[in-house]
Amino acid sequence: MTLSTRHIHTVKPVKNRLFAVSTFLGLAMSCCALSANAQVNVEPLSWWAGMHNPHLQLLVAGDNISGHQVKLLSAQGVKLINTEQTASPNHLFINLDLQDAEAQQLKIGLYDNDQLVEQFDYVIQARETGARERQGFSNKDVIYLITPDRFVNGNPDNDNHPSMLEKANRSIDSGRHGGDIMGIRKALPYLHDLGVTQLWINPLLENNQKKYSYHGYSTTDFYKIDPRFGTNQEYQALVQEARSFGIGVIKDVIVNHMGSGHQWMADFPSKTWVNGQQVWQQNPQDILYTSHRRTTIQDPYAVTSDTADFDKGWFTDTMPDLNQTDPHMATYLIQNSIWWVEYAGLSGIREDTYSYADKTFLTHWSKAIMDEYPNFNIVGEEWTSNPITVSYWQAGKQNNDGYTSYTPSMMDFPLYDTLIASLTEPEGWDTGLINLYQRLADDVVYAKPTDLVLFEGNHDTNRLYSLMKNDLGLFNIAMAYVLTSNRIPQIFYGTEVLMQSPSEGRNDGAVRGDFPGGWPQDKVNALTGKGLSVQQQQAQTFMRSLLNYRKNSAAIQHGNLRHFVPKDGVYVQSRHADNETLLIIYNKNDQSVELDLQRFSSVFNGNTQGVDIINKQSYQFDTPLKLEQKGVTILSLSR
63 MTLSTRHIHT VKPVKNRLFA VSTFLGLAMS CCALSANAQV NVEPLSWWAG MHNPHLQLLV
123 AGDNISGHQV KLLSAQGVKL INTEQTASPN HLFINLDLQD AEAQQLKIGL YDNDQLVEQF
183 DYVIQARETG ARERQGFSNK DVIYLITPDR FVNGNPDNDN HPSMLEKANR SIDSGRHGGD
243 IMGIRKALPY LHDLGVTQLW INPLLENNQK KYSYHGYSTT DFYKIDPRFG TNQEYQALVQ
303 EARSFGIGVI KDVIVNHMGS GHQWMADFPS KTWVNGQQVW QQNPQDILYT SHRRTTIQDP
363 YAVTSDTADF DKGWFTDTMP DLNQTDPHMA TYLIQNSIWW VEYAGLSGIR EDTYSYADKT
423 FLTHWSKAIM DEYPNFNIVG EEWTSNPITV SYWQAGKQNN DGYTSYTPSM MDFPLYDTLI
483 ASLTEPEGWD TGLINLYQRL ADDVVYAKPT DLVLFEGNHD TNRLYSLMKN DLGLFNIAMA
543 YVLTSNRIPQ IFYGTEVLMQ SPSEGRNDGA VRGDFPGGWP QDKVNALTGK GLSVQQQQAQ
603 TFMRSLLNYR KNSAAIQHGN LRHFVPKDGV YVQSRHADNE TLLIIYNKND QSVELDLQRF
663 SSVFNGNTQG VDIINKQSYQ FDTPLKLEQK GVTILSLSR
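For the sequence shown, the residue numbers in this note's numbering are 63 to 701.
Honestly, I wouldn't trust all of these hints.
Dumping the calculated DSS-like pairs for lysine-lysine here, alpha-carbon to alpha-carbon at most 27 angstroms [as the list claims (entries may be wrong)]: (1) Lys141 to Lys202; (2) Lys688 to Lys531; (3) Lys592 to Lys629.
Label pairs and their computed distance ranges (CB to CB) [what the hints assert, rightly or not]: (4) Asp162 to Asp125: 31 to 41 angstroms; (5) Val627 to Lys272: 15 to 25 angstroms; (6) Lys613 to Ala483: 51 to 61 angstroms; (7) Lys592 to Arg305: 26 to 36 angstroms; (8) Asp162 to Asn667: 52 to 62 angstroms; (9) Ala503 to Ala188: 42 to 52 angstroms; (10) Ile234 to Ser136: 34 to 44 angstroms; (11) Asn667 to Thr387: 21 to 31 angstroms; (12) Tyr363 to Arg305: 42 to 52 angstroms; (13) Gly112 to Gln682: 41 to 51 angstroms; (14) Thr366 to Asp162: 58 to 68 angstroms; (15) Gln460 to Gln682: 39 to 49 angstroms; (16) Gln161 to Pro389: 18 to 28 angstroms; (17) Ser654 to Arg606: 39 to 49 angstroms.
Quick caveat, the hints were computed from the structure, so don't treat them as lab data.
Please read these numbers as outputs of a predicted model, since none were measured by experiment.
Note that beta-carbon positions come from the ideal geometry of N, C-alpha and C, so glycine has one too.
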């Protein structure tokens, strides 16, 4: 059974008013208007019996609704705790206790001076078996990041939608191109064959903005998939189908901001719904923009005004900053995240612009999700090169100011930045691979460094192959480092076929270029291999081999890591678990070099030979290993 999206539902007419509410009707949808006086909306769209947190807060929006009394007309085990009003006459918050609730269809009545004005249905669903015990993404996985508008266009008929402001135009790099959920579904066999086990998809929620809406980070409806991507039911079907391929889905969540096209901007649910709200209402040009000075949140010497300039400022005039210190807003965002996990069957959340939201709220948000799903995983984006700044936000970190987080993972920007720099600068005493070696020593500041997500690129960074100056050897080193590290690895769509971008500055349109083969007219097709250059084929084969080897490698997934100080442009690591030992040799030299393997004998675990997991060539350890060219050699050790 599936949940219908928001729609008009027939209710008992009293005073001839129209009521629009969410209801659970399986695959069916009804749309029926009683009059044209008003529409009332209820969020969340539905809920579930048997959740860890039994409390539910409904946000009901409708003309002059705030003064109504509320009664439960039909409810099994559901208690009405209270209702809450704000300064908005058009919003009402209803607090319910579902501790003893069964799956059912509630009937809720709204009264005016003890006279029934309206009644509507609200569905409490039964949870799927094992919903609470769902397994989040882990070190066993490889995450594949997709910008959906730029990946595969599976349904050209939804490229445009009559209710959406921006139309598709593939010739504009900042415009919508037409990729969608159906396209991702069509690519699932390819992704499975490549060796991917998790999909992180850039936001799919409605972004009804006039322009630059393709990226998805300007939400205009928190409970609706953008119709140019598909429907709520299509998203649910994607997750289910991906699961059949052994692939989980991670939702990109934004709690810091929304799109200026959201209906709230015309009718705020409270006086404090958005930061700077009352000033903006007087003058829409008067906006406090974020300073981006993220360390003010952690700095023991920072002044309050500097902290506020960071976490209460807007990104742009099209991204109003949500005020998570408003208790109703906080509850709304927490429930929304949980709703999507439960509704779609997700295996993780990636939280955007992590530190920009109120830090106390982030504690409550992360705890609420992890309490609901103890085996789940959340990764936060803290875009900084400083490991101390990143470590502050990870669960288990003992911070001097007492701040506590329940978010298990963070994006490892410090190690990513060091990886790129180490491979592209000359080798020297304090340059090149030595900095990559030394960066791992910073793991001492993390509560659990192996829970971090390491990536070779994302939708905000220039393409890896371009950063490696189109050097396939350096590219292979970078990919092998990410995929064999003691981290959770993430790769960006198209990296496997050497998608490119400029290497300097911000180049969003090129970075988020169209995946080759995602459109029928494409001359190059990564899905089938048609038109790929020799180097693209080599890169794709290398990554497919390593990704699929990784699926069954205990050493890579949870093994111990040891490494040796780089010398003469060669850096050696080992991974070991159970009876598996890997020796990973990174070579930056353009010329052939011989490597005396006896230096690394302390990690051989009694083994005397090794087989290259990519080309299957065997090597004996009693003779020097000849490294013919720049790149990586990964040896599986044996006796």
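How the hints compare with the structure:
1. Lys141 to Lys202: Given pair Lys141, Lys202 is violated - Cα atoms ~43 angstroms apart, limit 27 angstroms.
2. Lys688 to Lys531: With a Cα-Cα distance of about 25 angstroms, the restraint between Lys688 and Lys531 holds, given a limit of 27 angstroms.
3. Lys592 to Lys629: Not satisfied, since the Cα-Cα distance of roughly 41 angstroms exceeds 27 angstroms.
4. Asp162 to Asp125: 31 to 41 angstroms: 34 angstroms, holds
5. Val627 to Lys272: 15 to 25 angstroms: Given range 15 to 25 angstroms: violated, Cβ gap about 55 angstroms.
6. Lys613 to Ala483: 51 to 61 angstroms: 30 angstroms, violated
7. Lys592 to Arg305: 26 to 36 angstroms: 29 angstroms, holds
8. Asp162 to Asn667: 52 to 62 angstroms: Check passed, 57 angstroms falls within 52 to 62 angstroms.
9. Ala503 to Ala188: 42 to 52 angstroms: 50 angstroms, holds
10. Ile234 to Ser136: 34 to 44 angstroms: Between Ile234 and Ser136, where Cβ atoms are some 52 angstroms apart, the hint is violated.
11. Asn667 to Thr387: 21 to 31 angstroms: 54 angstroms, violated
12. Tyr363 to Arg305: 42 to 52 angstroms: 49 angstroms, holds
13. Gly112 to Gln682: 41 to 51 angstroms: 60 angstroms, violated
14. Thr366 to Asp162: 58 to 68 angstroms: 44 angstroms, violated
15. Gln460 to Gln682: 39 to 49 angstroms: Given about 48 angstroms between the Cβ atoms, the range holds.
16. Gln161 to Pro389: 18 to 28 angstroms: 21 angstroms, holds
17. Ser654 to Arg606: 39 to 49 angstroms: 27 angstroms, violated
Figure legend: structure checked against the earlier numbered hints; hints not met, in rising order: 1, 3, 5, 6, 10, 11, 13, 14, 17.
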